[in-house]
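Number of protein chains: 2
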Amino acid sequence: ENILEGKPVVYRQIVVPQPGPKEYCTDSGLVVPSISYELHKRLLSAAERYGLTLERRLEMTGVCASQMTLTLLGGPNRFTPKNLHQRPTVALLCGPHVQGAQGISCGRHLANHEVEVILFLPNFVKLLDSVTSELTLFIKTGGKQVSSIKDLPDTPVDLIINCLDCHENTFLMDQPWYRAAAEWANQNRAPVLSLDPPVSGQGHAVEAKWSLSLCLPLPLAEGAGRVYLCDIGIPRQVFQEVGIKYHSPFGCKFVIPLHSA
Amino acid sequence: ENILEGKPVVYRQIVVPQPGPKEYCTDSGLVVPSISYELHKRLLSAAERYGLTLERRLEMTGVCASQMTLTLLGGPNRFTPKNLHQRPTVALLCGPHVQGAQGISCGRHLANHEVEVILFLPNFVKLLDSVTSELTLFIKTGGKQVSSIKDLPDTPVDLIINCLDCHENTFLMDQPWYRAAAEWANQNRAPVLSLDPPVSGQGHAVEAKWSLSLCLPLPLAEGAGRVYLCDIGIPRQVFQEVGIKYHSPFGCKFVIPLHSA
Numbered sequence: 340e341n342i343l344e345g346k347p348v349v350y351r352q353i354v355v356p357q358p359g360p361k362e363y364c365t366d367s368g369l370v371v372p373s374i375s376y377e378l379h380k381r382l383l384s385a386a387e388r389y390g391l392t393l394e395r396r397l398e399m400t401g402v403c404a405s406q407m408t409l410t411l412l413g414g415p416n417r418f419t420p421k422n423l424h425q426r427p428t429v430a431l432l433c434g435p436h437v438q439g440a441q442g443i444s445c446g447r448h449l450a451n452h453e454v455e456v457i458l459f460l461p462n463f464v465k466l467l468d469s470v471t472s473e474l475t476l477f478i479k480t481g482g483k484q485v486s487s488i489k490d491l492p493d494t495p496v497d498l499i500i501n502c503l504d505c506h507e508n509t510f511l512m513d514q515p516w517y518r519a520a521a522e523w524a525n526q527n528r529a530p531v532l533s534l535d536p537p538v539s540g541q542g543h544a545v546e547a548k549w550s551l552s553l554c555l556p557l558p559l560a561e562g563a564g565r566v567y568l569c570d571i572g573i574p575r576q577v578f579q580e581v582g583i584k585y586h587s588p589f590g591c592k593f594v595i596p597l598h599s600a
Numbered sequence: 340e341n342i343l344e345g346k347p348v349v350y351r352q353i354v355v356p357q358p359g360p361k362e363y364c365t366d367s368g369l370v371v372p373s374i375s376y377e378l379h380k381r382l383l384s385a386a387e388r389y390g391l392t393l394e395r396r397l398e399m400t401g402v403c404a405s406q407m408t409l410t411l412l413g414g415p416n417r418f419t420p421k422n423l424h425q426r427p428t429v430a431l432l433c434g435p436h437v438q439g440a441q442g443i444s445c446g447r448h449l450a451n452h453e454v455e456v457i458l459f460l461p462n463f464v465k466l467l468d469s470v471t472s473e474l475t476l477f478i479k480t481g482g483k484q485v486s487s488i489k490d491l492p493d494t495p496v497d498l499i500i501n502c503l504d505c506h507e508n509t510f511l512m513d514q515p516w517y518r519a520a521a522e523w524a525n526q527n528r529a530p531v532l533s534l535d536p537p538v539s540g541q542g543h544a545v546e547a548k549w550s551l552s553l554c555l556p557l558p559l560a561e562g563a564g565r566v567y568l569c570d571i572g573i574p575r576q577v578f579q580e581v582g583i584k585y586h587s588p589f590g591c592k593f594v595i596p597l598h599s600a
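Protein chains in written order, with the numbering used here: chain A, 340 to 600; chain B, 340 to 600.
Chain A extracted, bound-state conformation (with noise of 0.2 angstroms):
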């Protein structure tokens, strides 16, 4: 045994008022608390107050996601100028909410990054704001936009991200295009990436290999699959203002995996 050591490490950086259901741990042993999703919204809606608007927060949840993202598709190896033939394809589901438009985002982002991706996103007659707004830019990548399932490809994609749900409408799911579009998810046997999926009482409709959450997690179901946790660029002191003692988990990255504690 070593007797010459440092500082101890003190593993238990963050504290949260009520400890929700779940804790996790990053590689290093850093322990995230989960919270609830009301805290979640108090968080973010703090951080907003200060000018870290749902603008900035799209943009950076989607260069972040498509990261991500870019490296589940392979990263270096896949993504070189003698590869340019074999552009991966990505299948983005997105609702007409906020988790729909940070879908649409990250969709940008990674068609930029010569990656072929085909939006589903359903007809409405009249769209959020941040929805428009982020279509508006993902359009003119030249990436693809679809409103029926029947234009979605009837063979495997490379990936499949899920941005149907909501964290407060639990009525979407009842929706003839959720359960199209949940149907078609599961049927193209494509794993699934979920973005800020929500606590889900009955279960998710798809199965996510990899979830990402926002700045703490959730408590997530079992079929969140793995998972990752996504810096959103929130500083301290606004944490402290909703009564979460901080220090970042994330080292000298954006995105990091979780496991349970």
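Source of the hints: derived by calculation from the structure; they are not laboratory data. Nothing here was measured: the structure is a model prediction, and the numbers come from that model. Be aware that one or more of the hints could be misleading.
No copy labels: a pair is met if it fits in one copy or bridges any two.
[To be verified] Straight line, CA to CA, 30 angstroms or less: simulated DSS-like cross-link-like pairs of lysine-lysine: (1) 489 / 421; (2) 361 / 548; (3) 380 / 483; (4) 584 / 421; (5) 465 / 361; (6) 421 / 361; (7) 584 / 483; (8) 380 / 465.
Keeping the supplied structure of chain A fixed, place chain B upon it in accordance with the hints.
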């Protein structure tokens, strides 16, 4: 020699209307031409018209520049829980302009990742809105802000990030705060990263070891050091609108090194 070959690789995938005096290439040999500041400005304006606002650009530039900085500071080896008592120190020198705002955004993300950030920003009665909003967020990290060179460290820091220059106003260089900050940087002996440096006719007041250019490089002088390029999320068709034929040179990355061709 290998007879079985794939399609020939096209290395000149970016074609600009008036090629600048300099050409760069990526690690994999793709040619990246430089463009004039005027064309760069038109490109950003076109992107803004489609909703890629200054605010979004600030967030994305901040994230990507901080990712590059975290790598320069030592990456995963430096940022482990066991190293928390050895936090690296970064001096961030910002002028009162958009380039300064980009720097402050980068500073927030660095401070969020447990880097000790000391922001120098000269005192002005009225600041640009974009600078004020970045500042509001930065202050919440607990990062330090000073307006006098006297309050910057006497001893070498780990890295200096230079955001003193803007592209349009070279008169800045004659102001006392600018000269004092440049002199401090040159005396500190820490390596310098220049963020979005201008094409400088008069040479650089602060010599950089690295420079990070945004979206397409300007023809930078020798004093800019090793040039890196940052993806800021502009879709291909926006490039087309200002006459640039564009395919991403970034592969799966958001920041890549460039070499003089």
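(Q) My question is about residue 465 and residue 361: at a cut-off of 30 angstroms on alpha-carbon distance, are they close within one copy, between copies, both, or neither? (A) For residue 465 and residue 361, the Cα distance exceeds 30 angstroms both inside one copy (38 angstroms) and across copies (48 angstroms).
**Q.** Same-copy or cross-copy closeness of residue 361 to residue 548 [CA-CA at most 30 angstroms]
**A.** within (19 angstroms within a copy, 46 angstroms between copies)
(Q) Please sort residue 584 with residue 421 into within, between, both or neither, judging by C-alpha distance up to 30 angstroms. (A) between (48 angstroms within a copy, 19 angstroms between copies)
Q.
As a check of your reading, is residue 584 near residue 483 (CA-CA no more than 30 angstroms) within one copy, between copies, both or neither?
A. Intra 43 angstroms, inter 20 angstroms, cutoff 30 angstroms: inter-copy only.
Q. What label fits residue 489 with residue 421 when the C-alpha limit is 30 angstroms: within, between, both, or neither?
A. neither (33 angstroms within a copy, 53 angstroms between copies)
Q) Within a copy, between copies, both or neither: where do residue 380 and residue 483 come within 30 angstroms Cα-Cα? A) The answer is between: 28 angstroms across copies meets 30 angstroms, while 32 angstroms in one copy does not.
Q: Can you give me the call for residue 380 and residue 465, within, between, both or neither, at a CA distance of at most 30 angstroms?
A: within (24 angstroms within a copy, 34 angstroms between copies)
(Q) Cα distance capped at 30 angstroms. Does residue 421 pair with residue 361 within a copy, between copies, both, or neither? (A) Answer is between: at 25 angstroms across copies they meet the 30 angstroms cutoff, but 45 angstroms inside does not.
In summary, the structure is inconsistent with hints 1, 5 from the numbered list given earlier, while agreeing with the others.
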